[in-house]
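Using the sequences and the hints given, assemble the complete structure.
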Amino acid sequence: MNGHVREELLALYLRNDLPEKDHGRVARHANDCPECQRTLADLSRSYELLARSFADPDQHDLVSVRRAVMRQIHAGRQGHRVWGLAAAAVVLLTVAFVLAWQGERQEPLAVARLPRPSPPAVILLTRPFEVSTAPVVRAPHKRIEPGIRTATLVTETGEPAYLKMKTSDPNVVILWQLQENEKVATP
Amino acid sequence: MEMAVSLMCQFTAEPGSIHRLIRKAKAGDVSSFEQIVMLYERTVLRLARRLLLDPEMARDAAQEVFLRLHSKLGKFQEDRALAPWLYRITVNLCHDLQRRSKPSLVVALDFAESLRDSALNPEQSVALLQQQELVIAALKELTPREREAIVLRDLEGLSTAEVARVLRSSEGTVRSQISTGRVKIKRFVMAQLGRQA
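From first to last, the protein sequence lines are chains A and B.
Here the first sequence stands for residues 1 to 187, numbered as in this note's numbering.
Here the second sequence stands for residues 1 to 197, numbered as in this note's numbering.
Quick caveat, the hints were computed from the structure, so don't treat them as lab data.
Keep in mind that this is a model prediction, so the values were computed, not measured.
Heads up, the beta-carbon is just placed ideally off N, CA and C, and yes, glycines get one too.
Treat the hints with care, since some could be wrong.
Just the calculated beta-carbon pair ranges, DEER-fashion [to be verified]: (1) Ala100(A) to Leu67(B): 41 to 47 Å; (2) Trp83(A) to Arg99(B): 29 to 35 Å; (3) Ala75(A) to Gln130(B): 40 to 46 Å; (4) Val95(A) to Met38(B): 43 to 49 Å; (5) Val95(A) to Arg20(B): 24 to 30 Å; (6) Arg88(B) to Ala68(A): 19 to 25 Å; (7) Asp58(A) to Pro122(B): 16 to 22 Å; (8) Met38(B) to Val98(A): 30 to 36 Å; (9) Arg28(A) to Glu141(B): 30 to 36 Å; (10) Arg23(B) to Trp83(A): 25 to 31 Å; (11) Val82(A) to Glu78(B): 26 to 32 Å; (12) Gln37(A) to Leu67(B): 48 to 54 Å; (13) Trp83(A) to Phe76(B): 22 to 28 Å.
Next up, the structure:
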């Protein structure tokens, strides 16, 4: 080995961090080189100073770390429990709300099952009226079919005959204009 | 040397009881987790103090390491060694904290407190305190990666290969960081001691 060993190599040699072949070469040189021995002595001194300067953490520090960790873990678990309860409460409230809402909807549904008034409210008369001399005949009230409460045949002089049907809805009255040859059976 | 050997054993082979504790802790047994903390708290806190050079930050870092362990316990494989994982998490966490933090002025005070119960006389205590301040100042001269390599190799007693595993680096890179770090510390210490003399 020519000249001195680089300081970086000596720093690794100090604690056996060099590969074996390099370690042997440095060892052979350092044995005969006072300057490299001085460098090694300085490196060794600073290493010892470093190793001596850090005491182990004392028990008080260790306990304080452990307590803080366990406190947070317990708090986290309680937090999870609280969140779990809160989530369960939200689910229960949601279910209760949905049930109550459906309960409210059941009444309209019952109403909706009633038969819908199917006949139209107004029947437009499309044909021109024909003059009739027939006397007015009022047919007795008779329930004809569900939804229609009464049907009255109305024949007036000069007016076409028509059937007046009152439904279960007082606001809906059906006027049915009769054909010329159409007859209405009366009891 | 004895300390280094015990650390090496802890690093490479952990007793079966630790795996049993991990299994129980994963199942939700808090007291088993507390026992794991008790087994490793000294290692984690000591490493954090040596890396951060700030006792207050080191306590916070150690707490965070164990809280992370607790949160990731579900994914932790029981047959894996816990010590390397803890070393890695501690180093990474301290690395991040260092990047974010400003230099601390409380280091010397904390070390002075550590001398309170020692059997040294006042003159020896002052001398030791000065040495500690010197070493801390020297460590602050290093880059974070150099300091991590030096602390793991020279203070924690890990082998170069183990340091490389913790730092997720190659052995060659780690060796280079260690040699540069040792030389920087030596130059700083010798310069300061020469000035004092």
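Status of each hint after checking the structure:
1. Between Ala100(A) and Leu67(B) the Cβ separation comes to about 43 Å, which falls inside the hinted range of 41 to 47 Å.
2. At roughly 33 Å, the beta-carbon separation of Trp83(A) and Arg99(B) lies within the given 29 to 35 Å, and the hint holds.
3. The given range of 40 to 46 Å is respected by Ala75(A) and Gln130(B), whose C-beta atoms sit roughly 43 Å from each other.
4. Between Val95(A) and Met38(B) the C-beta distance comes to about 46 Å, which sits within the given range of 43 to 49 Å.
5. Checked against the hint of 24 to 30 Å, the pair Val95(A) and Arg20(B) fails, with Cβ atoms roughly 43 Å apart.
6. Distance hint check: the CB atoms of Arg88(B) and Ala68(A) are about 22 Å apart, consistent with the given range 19 to 25 Å.
7. Range check, Asp58(A) to Pro122(B): Cβ separation about 20 Å, and the 16 to 22 Å hint holds.
8. About 50 Å separates the C-beta atoms of Met38(B) and Val98(A), a value inconsistent with the hinted range of 30 to 36 Å.
9. Checking the proposed 30 to 36 Å range against Arg28(A) and Glu141(B) shows it holds: the Cβ atoms sit about 32 Å from each other.
10. The supplied range of 25 to 31 Å is met by Arg23(B) and Trp83(A), whose beta-carbon atoms lie about 26 Å from each other.
11. For the pair Val82(A) and Glu78(B), the beta carbons lie near 30 Å from each other, so the given range of 26 to 32 Å is met.
12. Under the hint 48 to 54 Å, the C-beta atoms of Gln37(A) and Leu67(B), about 49 Å apart, fit the expected range.
13. The beta-carbon spacing between Trp83(A) and Phe76(B), approximately 24 Å, falls within the hinted interval of 22 to 28 Å.
When the structure is compared with the earlier hints, violations turn up for hints 5 and 8 and for no others.
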